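Undergrad: Take the sequences, apply the hints, and build the full model.
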Amino acid sequence: MASAFSSKLLFLRRLSRALKLSSSSSSSSSSSSSLSVRPYVFLLEASRPSDLAKINLRSFLSVASRSFCSRTLDLEDDSQGPAAIDYSSLLQEDEFHKVADSTIQDLQEKFEEYGDCVQIDGFDIDYGNQVLTLKLGTLGTYVLNKQTPNRQIWLSSPVSGPSRFDWDQSAQAWVYRRTKANLSKLLETELEKLCGTPISLS
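Heads up, the sequence shown is in the UniProt record's numbering, so the first residue is 1 and it goes up one at a time.
Simulated from the structure, these hints should not be mistaken for laboratory data. Be aware that one or more of the hints could be misleading.
[As the list claims (entries may be wrong)] With a straight-line Cα cutoff of 30 angstroms, these simulated DSSO-like cross-link-like pairs (lysine-lysine) come out:
hint : residue 1 : residue 2
1    : Lys146    : Lys135
2    : Lys98     : Lys146
3    : Lys185    : Lys146
4    : Lys110    : Lys135
5    : Lys193    : Lys146
6    : Lys110    : Lys193
7    : Lys180    : Lys110
8    : Lys110    : Lys146
9    : Lys185    : Lys110
10   : Lys185    : Lys135
11   : Lys180    : Lys193
12   : Lys180    : Lys146
13   : Lys98     : Lys110
14   : Lys98     : Lys135
[As the list claims (entries may be wrong)] Taking CB as the label site, the calculated pair distances span:
hint : residue 1 : residue 2 : range
15   : Lys185    : Tyr127    : 14 to 24 angstroms
16   : Glu95     : Lys193    : 26 to 36 angstroms
17   : Asp121    : Asn150    : 34 to 44 angstroms
18   : Asn150    : Thr189    : 22 to 32 angstroms
19   : Gln147    : Asp126    : 11 to 21 angstroms
Small disclaimer: the values here were computed from a predicted structure and weren't measured. Glycine residues also receive a C-beta, built at the ideal position from the N, C-alpha and C atoms.
TA: As structure tokens, this is what we get:
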């Protein structure tokens, strides 16, 4: 085993000597040639096979580290997530107020008519500060209000929880983007289940 190592060491010395001669004969030494010589110099300095293994491991880790760090990472593009929606571009503010106010007023009138058809203790309707509140006693409370910066109508329901509705120009209706639910249809379905009496809000 010692003779085999000695023959390998002799080979490396001869190879190193040949590289040195080649390097000295050239007037300009490039960075690539110096890099090619450097590993053999490190190998010659090793006195034991275990040292060779350590040096080879360090060289591999060094090269792998430089290769990894030199790559262009695209993590920033993945971590940004979806772009924010500019709601002001969907509906102009004056148009939003016109459509939203008309919707809330229509709902208020329909709720008042509905109150005459159902017998529910604690049934009450209130509108103030752009907020429409429908109280159904022990059945729960609905709250609708405008969100001008987002161009949305927000709904708080005792059945489905909070929802945010955007005006769909093509459908001429307020639609919840996440579930595609129509505001009027959603209220019709939930109120009929809660109160046991159908209501038309279309």
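Undergrad: Broken hints, numbered, in rising order?
TA: Every hint satisfied by this model.
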